[in-house]
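J.: When we follow my numbering, the leftmost residue of the sequence shown carries the number 42, and every step to the right adds one.
Treat the hints as calculated values from the structure; they're not laboratory data.
Hints should not be assumed to be uniformly reliable.
Said to hold, decoys possible - Cross-link-like lysine-lysine pairs, in silico, DSS-like; alpha carbons within 27 angstroms at most:
hint	residue 1	residue 2
1	Lys187	Lys158
2	Lys187	Lys159
3	Lys235	Lys217
4	Lys217	Lys231
Nothing here was measured: the structure is a model prediction, and the numbers come from that model.
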Amino acid sequence: MTEQTLPSIAPLRNVAALDTLVDRVRNRSFSLPGMATFYGPSGDGKSTAAIWVRTAYDAVLVQCVDTWTRTDLCRAILREMGLEARGTLHMMAERIAENLALTDRVLLIDEADILMKKRMIEVTRGIYEMSQAPVILIGEEQMPQKLRAWERIHNRMLDWVPTQPGEMADLRHLAKIYAPGIEIDEALAKRILKESERSIRRICVNLDSLREAAQLGGHTRMTQENWGSRRFFTGEAPAPRGGTRRSA
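Please model the complete structure; the sequences and the hints are all you need to start from.
T.: Here you go:
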């Protein structure tokens, strides 16, 4: 995601949803909990929304990695803050909380499902408790249910906001990024939306394929006719190929 594309993704419905959630948590009434969850299926644009929010609010954004330990999590947050990642786990957590409290920044944790698998979720709660800063967990569709096993986290959620599937307005906005200068016929746009199963990621992939086809064919307007027999990416795995094994 580049600085040039960030303004163009602002109108996407899931970017707007996360923006609204962050604003609500930042401006919550006194004594209300300051954690929230933004969740949905892979491909709905959660990470894209998180990048936009990081820029808009100067938020601290980290994306969890499955191999991380609790120490790795704290080091990643400190590096994102521009601070030295050193000391014991407790010392680093205290430094993170102090920085969040002093700067009033929002902490966004993407791929937050990993926090529960690696038992890093309690470190996250500790950072929130020490700082009282907004902490937004971003994860997959089942994350709210998974959090039920962690009552002390579950009870500190101000809200749970699900992503929404892509719609035509999203496709038109994304076309400005992935197929600039190309007019897309309404019927073809509806087909892209349907065959992408309204997944933001697949819509982007298919718009890029459409751009390539338009350039190869010298078209500035794409219709069902000049798209022809090409296939859109649906996410389905290809069927096994028949016949004998090809020789080297």
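J.: Of all the hints given earlier, name the ones this structure violates by number, lowest first.
T.: none
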